[in-house]
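Protein chains: 2
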Amino acid sequence: MQTRMELVLDAHLPATAIMPTRLHEGMRYAALGGGKRVRALLSYAAGEFCGAPLEHIDVPAASVEMIHAFSLVHDDLPCMDDDDLRRGKPTTHKVYGDAMALLVGDALQSLAFQIISQDKLLNNATQKLQMLHILALASGSRGMAGGQAIDIESIGIPLTREELEQMHIHKTGALIRAAALLGAYSADAPDEEKVKAIDHFAKAIGLAFQVVDDILDAEADTQTLGKTAGKDARNNKSTYVTILGLSAAKQLASELHANAMAALSFYGREADCLRQLANFITQRSF
Amino acid sequence: MQTRMELVLDAHLPATAIMPTRLHEGMRYAALGGGKRVRALLSYAAGEFCGAPLEHIDVPAASVEMIHAFSLVHDDLPCMDDDDLRRGKPTTHKVYGDAMALLVGDALQSLAFQIISQDKLLNNATQKLQMLHILALASGSRGMAGGQAIDIESIGIPLTREELEQMHIHKTGALIRAAALLGAYSADAPDEEKVKAIDHFAKAIGLAFQVVDDILDAEADTQTLGKTAGKDARNNKSTYVTILGLSAAKQLASELHANAMAALSFYGREADCLRQLANFITQRSF
Chain A
1 MQTRMELVLD
11 AHLPATAIMP
21 TRLHEGMRYA
31 ALGGGKRVRA
41 LLSYAAGEFC
51 GAPLEHIDVP
61 AASVEMIHAF
71 SLVHDDLPCM
81 DDDDLRRGKP
91 TTHKVYGDAM
101 ALLVGDALQS
111 LAFQIISQDK
121 LLNNATQKLQ
131 MLHILALASG
141 SRGMAGGQAI
151 DIESIGIPLT
161 REELEQMHIH
171 KTGALIRAAA
181 LLGAYSADAP
191 DEEKVKAIDH
201 FAKAIGLAFQ
211 VVDDILDAEA
221 DTQTLGKTAG
231 KDARNNKSTY
241 VTILGLSAAK
251 QLASELHANA
261 MAALSFYGRE
271 ADCLRQLANF
281 ITQRSF
Chain B
1001 MQTRMELVLD
1011 AHLPATAIMP
1021 TRLHEGMRYA
1031 ALGGGKRVRA
1041 LLSYAAGEFC
1051 GAPLEHIDVP
1061 AASVEMIHAF
1071 SLVHDDLPCM
1081 DDDDLRRGKP
1091 TTHKVYGDAM
1101 ALLVGDALQS
1111 LAFQIISQDK
1121 LLNNATQKLQ
1131 MLHILALASG
1141 SRGMAGGQAI
1151 DIESIGIPLT
1161 REELEQMHIH
1171 KTGALIRAAA
1181 LLGAYSADAP
1191 DEEKVKAIDH
1201 FAKAIGLAFQ
1211 VVDDILDAEA
1221 DTQTLGKTAG
1231 KDARNNKSTY
1241 VTILGLSAAK
1251 QLASELHANA
1261 MAALSFYGRE
1271 ADCLRQLANF
1281 ITQRSF
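Note that the protein sequences, when read in sequence, are chains A and B. Reminder that position 166 of the first sequence reads as 166 in my numbering, one-by-one numbering, no gaps. Basically my numbering = 1-based index in the second sequence + 1000.
So here's chain A without its partners, still in its complex pose (with noise of 0.2 Å):
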């Protein structure tokens, strides 16, 4: 299902021989070639499980893995994160410059929205305007941007658990919905209940992704991570890990975990892709 994703994102990324060549290469270079495609693998069992045929999957499903693609572009920046290692490569700011880089995340997220409306599989206006109007909420103030809006100010602050919450929520909760509600409306007419089970379930990975990142981040080393580790700690930022402990935190991942599994409770062998992801996002490396 990766593979199929990185075909979608290929075949919906402008080639970079078109002009400009430069900012088409780094988006390329963002959005393609890595990652665990988590979001993307969320719509698709989402979607199968609400009886969409993939094809329809794959448009809503690529343009949440661009904006979560912009959104690291974005937050590796040197007035972000400043980081200089994603998905184990160099950030692209460090390849095409801070400015090229400002200028590939702007792009992506246009591109989101951009290949929504414009899917010639999704017959449907008023289904593709209730997905553009759920990735636009998910990405903005009361979503992702808001989140990191919450993050860097957060900074040397210690927060509550409640408060870390809601940063989360926002931060990484909010497009990892969305990516399950996309993939719920590649259907036509989904069932409502197994709209409110997904809906109820990707709350809870989402949840349970972040506590499995900040476990990540305490144990791993960068080479298994991808990506420069023990930075939460160095940048004095609250993490489950920091507020609860590495052992409550685990403890945490399971009963999120659980919740998720609840959720499908009512569902058969069509939601075994969703418990299958659920199990991937809790147990990727404890």
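Please keep in mind that the hints were generated in silico from the structure rather than gathered at the bench. Owing to the predicted nature of the structure, the values given are computational and were not obtained by experimental measurement. Using N, Cα and C, we set each Cβ at its ideal position, and we do this for glycine too. Check the hints yourself; a few may be wrong.
[To be verified] In silico lysine-lysine, DSS-like type, Cα no more than 27 Å apart, as pairs: (1) LYS94(A) - LYS1094(B); (2) LYS1237(B) - LYS94(A); (3) LYS1094(B) - LYS237(A); (4) LYS120(A) - LYS1120(B); (5) LYS1237(B) - LYS196(A); (6) LYS120(A) - LYS1196(B).
[To be verified] Derived list of chain A stretches under chain B, where covered just means 3 residues or more per stretch with a C-beta under 8 Å from a C-beta of chain B: (7) 20-29; (8) 100-107; (9) 119-129; (10) 143-157.
Starting from the structure of chain A, add chain B where the hints point.
Frame of chain A; chain B shown alone:
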């Protein structure tokens, strides 16, 4: 009409009381209280020309102004133009810091797409999708962001007149055309010939706008301009004035004005707002 736009933007920007408060303050700082609102004026004039009720043009016009405001915030960042002054006020990053300014731009872009997708006055889903598509294309790598990429890559390299034109067609022209087209599509089933005339008109005044900008930068002082003047020459940037000289640049602005007027030649008083706007743009300060 500028006052109307200010009120519409105010109504659609998140309140500063809503979390994350500082991000929302920054978004309001960047988008409210200033600017000539040329793009909004163009949306309104184009919409009225095509028979759209004013209130149907509000959100499309505001969305274009949000994209414009976002581009200014990112353009002013230290890694781009590194400008301290905009619309006579300190730039967003000077007040809120570079990281928050980056997020202010990102969130304004999302919000532009969000407000169209959720607009209650435009009932036609296909019409809204078309607007979102036009706006995404105009903002992205083949539009505004692409023009900025060409711009930063050409610093210190003398451009030909054709290359300069290509840069401006993308950097400012694409969004100005989008402003006109979003205005036109605010009408139910706008007349095809009128849409073509508006597109032709917008291309001409979009370029005229940039030529005049170059003339003003070469001639005006910082106070009149509301932003740092004479920066192009100091940065060794190619402009219409450096390539053509001041007198030929003024001649070009007049020709583009005439082209814009010619696009409206079949129309009577219903095009007067568009004509006034063309006059305003080309006669701004000389």
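- Query: Which of the stated hints cannot be reconciled with the structure, identified by number in ascending sequence?
  - Reply: 5
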